[in-house]
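Asks: Chain residues, written in single-letter form:
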Amino acid sequence: MGVKDFKSEVDFTVRIGGEGGDGVISCGELFAQAVARTDYHVFTYISYPAEIRGGFSMIQIRTRDWTIYSMGSQVNYLVVFNQEAYDRTIGDIKKGGTVVYDPDTVEIKPNADVNFYPVQLTKIASEVTGGKLGKNVVALGALGQLFNLDQRFLEKLMQDRYGAKGDDVVAMNIKALQAGYEAGAANQWEKKFSLDTKSDTKHKYMMLSGNEAVALGTIAAGCRFVAGYPITPATPIFETLTKIMPMVGGRAIQLEDEIASISACIGASFAGEKAITPTSGPGLQLMGEQLNLAAMSELPMVIVDVQRGGPSTGLPTKTEQSDLKFAIYGTSGEVPRCIIAPTTVEDCFYQTIRAFNIAEALQMPVTILTDQSIGYRKATVRIPSFEGIHEIAEGLDIKRVTIPSANRIDIINRQEPTEEELKDYHRFRYTDSGVSPLSRPGTPNGQYLATGLEHTEKGVANYTPEVHLNMTKKRFKKLETLSKALEANPPEYYGSRDSNIGVIGWGSTEGAIREARYMAEAAGINVRHLHPKVISPLPEKQIRRFLAGLKQVIIVEENFTGQFAHFIKAKFGIRPIEVHKCEGEPISPQEIYASIVKVARIVDEENITRL
Amino acid sequence: MKRTLQDYSSGIKPVWCPGCGDYGVLRGLQQAMMELEIVPEDAITISGIGCSGRFSHYMNTYNLHGTHGRAVPTALGAKAARPDLNVVCVGGDGDGLGIGGGHIAHAARKNVDMTYILIDNRIYGLTKGQTSPTTPLERKTKTAPYGSYEEPLNAIPMFLTYGVSFIARTSPVMMGQMTEILKQAISHKGFSLVYVMSPCVTFPVVTYKSLKDILSPLPEDYDPTNRMKALELAYSEETLYTGVFYNVDKPTLEDNLQNLVRKACTRKKGEHFTVEQMLQSYA
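Protein chains in written order, with my numbering: chain A, 1 to 611; chain B, 1 to 283.
The shape of chain B in the complex, shown without the other chains:
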């Protein structure tokens, strides 16, 4: 069955400002899922709080719009419980680097097979212009009226250190590359993190123009299995490289949990114990 973009859309009109980068990411995700022929009812989209939190409202998958910062462990639970489903999680720089930042290290350690799209516009847009963990130093915001006094977080080196098994940076200013990366990320077996630099038109810390000036694809001969090289290029600030920084295969959480079942059931040659047998074992 050939599906169209419509088949991946809930039909609800987004609340985002006209020109918001989120439109591009939404379209890119729907396009990627369509091209991968993912069945909408076999997919789950989970989002947190912020402008990006509305993502789950606009997909025609099973959607969960959760709380601030907790989208990643929520999505992890969904995938661990139902490995047969495709799980995509969406959050912003507040959700993923501020309130919920602590969860990413552990999703990476578990290597749960899901895709996390982290959309960074370096500002809190939904609540109308407060400092985010990536707001540049000296930048004036509603909560930094004299200019931001703390260093912005450079997250990709952090994710590399966590051991995230697939890390890419892209942007809706390069739709072709973004869709292609999203497809790779969804197809990746393990925790894939797509870091999207996205413009905010209302609180323009990041604009289309600034992104076009600073973004540049990774060198052609770049080897995405070389973590030290990835770290070096991820630290570059004059040029923000785009593309797949890191991509390695590791056992996933689902594989490991399946292995535990096998280990626990060796005495029964892989067959599960019945509840009755379990209760009798405590008699």
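Bound-form chain A, shown alone:
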């Protein structure tokens, strides 16, 4: 843990603001992508106007030489295209910060704490392109010059980005870029950070949104089938998959609704293929009955719920963590459910691979719960080492399967019956782990019936008391097997052992809680932070170890009723202090820190009373 994690040599934030349609976002994205190619970490936050064109629009890019957990709160560099952007953001600039502005469109109020540099973005762009377009690329050039990015390197990026639009477009953009570099050099500005460029053509980092990370994790996991129906904010996962699935020889189909989508996944999984369907809360709700069928017939598949503000149509473009109870408990009858909640954009990539592994290993649907804030956030994701990928087609020992990471990825494929087992095939044979081999259509003597009716080991419908009890035990045994395997993983908690206060969170709040912990530690309050990624089943022993010795536990989540807190209270019998945020916005480190400070006072008072 610790200090290294907190302090960083390179850590700065650039914000670019202007009118929607100025190309502000693409300027920022290109800059972020360029930085990612220099092997620094990047984290972006975008605020779009509600209108397609017009309105204030901004992008913020944090750059660091170490993992970035949140957006942070202050801006070091500000690039403003118009007056509104200047007026609305100048208050966020850090002391000693730098403002780049267009003197023809922005009137500044000089201030000794901030360095102001004029660059005539609009004028330069019109000289180069003969029109209004291109000022964002001029600004990109100026930024490139400011951070010592090799110009040829940005030219390559232009080629990659605009190559498909033709050589003329690329040439025009390169001219605008060049003009931006020249204007930047004329400023003779103070350079604090230099982003060295590696000439290596193989890049170490992808620049992805959480949604794109899920889509790419899907193909990396070996899945070649997606069925879906558009729903905000999960649509970008499906859009990305409809584009890339055919490129890797896979199949992407849009269906008439969410019920049909998950049905198609059940069909595909039954037919022997890995399958995924991305959705958001209302869609997950529609899928409920089919999720149950998948669990009952023990078919692997992955469902992604990019949570949005609820209930009902709710706040489709906002964030919330309020589908947890439905994901864990929302069934008729009782079936085991596995829920995974990635914590960062990078985690979206690796946990998606893990979701497929768990689905195949335990033959059950696995639900990934992300949310709008993580789905639309962009950050660097380390490209895995392809030498570190191992496919496990047979002889699976789930305890030995590692959690996917950039260094090593185990990919679990379908565990099919052996020839010996096929001589008298029992699809749902009782086993110690609860998992029984699953045959793939086309395999002789592997025929069986998968049914939502209660059934025997052979798959024959049967409603006797002993069969229902034993089959229920078998299905839940798989959850126990998984829970035991999770115990073997490294503990998912951070912070000093010597803490009285624990904070528990799940999903996308990890970064905010982590930063709140750093703030608390800086103020002399030790805090232990638990953030399980597999939410159901939980690694119970690990959690008991985490809880041991804590005087107060704070559970942080973005919903109204405290869904994870209910789950934790029921399982571990603790009485936590619950911090909820239900405003459609992510919770900030400051808000969590404020709660920690309050709780620290309670703990202090308790100590005094005891003395």
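Any given hint could turn out to be false.
[As the list claims (entries may be wrong)] Listed next, the in silico DSBU-like pairs over lysine-lysine satisfying Cα-Cα at most 35 Å (straight line):
1. B:K128 - A:K458
2. A:K165 - B:K269
3. B:K2 - A:K243
4. A:K156 - B:K263
5. A:K204 - B:K263
6. B:K189 - A:K458
7. A:K175 - B:K269
8. A:K473 - B:K128
9. B:K268 - A:K243
10. B:K13 - A:K458
11. B:K263 - A:K175
12. B:K268 - A:K156
13. B:K2 - A:K458
14. A:K204 - B:K269
15. A:K474 - B:K13
16. B:K183 - A:K458
17. B:K269 - A:K156
18. B:K189 - A:K243
Honestly, the hints are just simulated from the structure, not real lab data.
Assemble the complex: chain A is given as a structure, and chain B must be docked to it using the hints.
Replies: Same frame as chain A, but now just chain B:
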């Protein structure tokens, strides 16, 4: 290898009432598959809920007994994922015209290469006699104790409008014709829908006798590519025509998905991108 009917049967004794039309359809399907020399393990049978839902229990193919109304999209997913397999889907008038009716239009638009056997007995039999979407007007049922108050659905004109590429009507009261139609339907490249009028002996809205009285083969000179003529004859209610109403060739879902792969890989001359190349493209 010469297979027998046994090779297509799971050996489990059906739960259907003695005399149920489903026995005939099951036998017809097994006969058709045998005559087409389909390898049992290369076939999938998917059914929904209702008496017909039990179909998947009695076949010796890979079988999936799904949920009410969702058999068609489930089967569609299986075929899209594994175009090498033969996929047959079975449902009743509740499954296919009530709860799951909305899915058929889209399976038709996609023209997925599978056979959907829709068995209509105009009553909910498994749950013991409630109104179905095809129960005749004024007919008393458990949920219409004063007589049904809504018009029954005439589904074949609807399927013609959807653009289902193969539509036939038949019945187990004419086993020879039914088996022949099932063979044609399975061999058809695209979405084939076999509408089976089937008697229920326990809740006899449709009986063997009533079917024999009303069913009649399509005229000998009938042209199954003429959609307007098909519509005209499909609307006939005094005589329910049997035979192949409509049969045209269209690109299938599997062909179209394969084309997408080709289009997506033109830059690599048809060779697929590797995962590593895909990830690098986002760097």
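Asks: Verify the proposed pairing of K189 of chain B with K458 of chain A, using a straight-line Cα cut of 35 Å.
Replies: Status holds; Cα separation ~33 Å.
Asks: Check whether the Cα positions of K189 of chain B and K243 of chain A lie no farther apart than 35 Å.
Replies: holds (27 Å)
Asks: For a C-alpha distance cap of 35 Å, please report whether K2 of chain B and K458 of chain A respect it.
Replies: With Cα atoms ~27 Å apart, K2 of chain B and K458 of chain A stay inside 35 Å; holds.
Asks: Decide if the proposed pair is consistent with the structure: K473 of chain A and K128 of chain B, CA atoms, cutoff 35 Å inclusive.
Replies: holds (32 Å)
Asks: Taking 35 Å as the top limit, are the C-alpha atoms of K263 of chain B and K175 of chain A close enough?
Replies: holds (33 Å)
Asks: Holds or violated: K13 of chain B and K458 of chain A, Cα atoms, limit 35 Å.
Replies: Cα-Cα ~15 Å, so holds.
Asks: Would the pair K474 of chain A and K13 of chain B pass a check requiring their Cα atoms to be no farther apart than 35 Å?
Replies: Satisfied, since the Cα-Cα distance of roughly 27 Å is no more than 35 Å.
Asks: Taking 35 Å as the top limit, are the C-alpha atoms of K128 of chain B and K458 of chain A close enough?
Replies: holds (29 Å)
Asks: Would you mind confirming whether the straight-line C-alpha gap from K175 of chain A to K269 of chain B stays at or under 35 Å?
Replies: holds (33 Å)
Asks: Hinted pair, alpha-carbon criterion (35 Å max): K183 of chain B, K458 of chain A. Please report holds or violated.
Replies: At roughly 30 Å apart (the allowed maximum being 35 Å), K458 of chain A and K183 of chain B satisfy the hint.
Asks: Do the alpha carbons of K269 of chain B and K156 of chain A lie within 35 Å of each other, as the hint requires?
Replies: holds (24 Å)
Asks: Do the alpha carbons of K2 of chain B and K243 of chain A lie within 35 Å of each other, as the hint requires?
Replies: Between K2 of chain B and K243 of chain A the Cα gap is close to 45 Å, so the pair fails against 35 Å, i.e. violated.
Comparing the model with each numbered hint stated earlier shows that hint 3 is the single one that does not hold.
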